[in-house]
Amino acid sequence: KVTVKVSRYHAAIRACGKSKQWGRALKLLDWMREHGIGSIFFGLNGAIIACEKGGQWEKIIEIFEMWLRSEVPVSVASLNAAIKACEKGGQWEKIIEIFEMWLRSE
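Throughout the sequence shown, residue numbering follows the working numbering, covering 1 to 106 in sequence.
It is worth saying that the hints were derived from the structure and are not from the lab.
Please read all numbers here as calculations on a predicted model, not as lab measurements.
Ideal Cβ positions, reconstructed from N, Cα and C, are used throughout, including at glycine.
Treat the hints with caution; some may be incorrect.
[To be verified] Per label pair, the in silico range of CB-to-CB distance:
hint, residue 1, residue 2, range
1, SER7, TRP92, 34 to 40 Å
2, GLU87, ALA15, 20 to 26 Å
3, TRP92, ARG33, 26 to 32 Å
4, GLY90, ALA11, 28 to 34 Å
[What the hints assert, rightly or not] In silico DSSO-like cross-links for lysine-lysine, where the CA-CA straight-line distance does not exceed 27 Å:
hint, residue 1, residue 2
5, LYS88, LYS59
6, LYS53, LYS18
7, LYS84, LYS53
8, LYS20, LYS59
9, LYS84, LYS18
Required output: the full structure, derived from the provided sequences and hints.
Written as structure tokens, this is what we have:
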């Protein structure tokens, strides 16, 4: 039953991403973390993609830093989404920062 709950949260976060509802995706991710619901890997990945679609590069930096502190491996898809969002926002310095954070975590 726990797996069903986790998959529903991940699906909801992905749906938020597709509809550019990054704020809702972040609320769901926070709720999952606070209540210790399942692996946060897919939740983090979905939240980064939601923020990328919503052009929220600032939030992506926050999520990325949180992700690295959690010691959960960062997916290449999330790295690419973070870089893409910063590129859209004209934040080339942040692209370098994100990439360096990712390299340090590897």
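Quiz item: Which hints from the list above does the structure break, by number from lowest to highest?
Solution: The structure breaks none of the hints.
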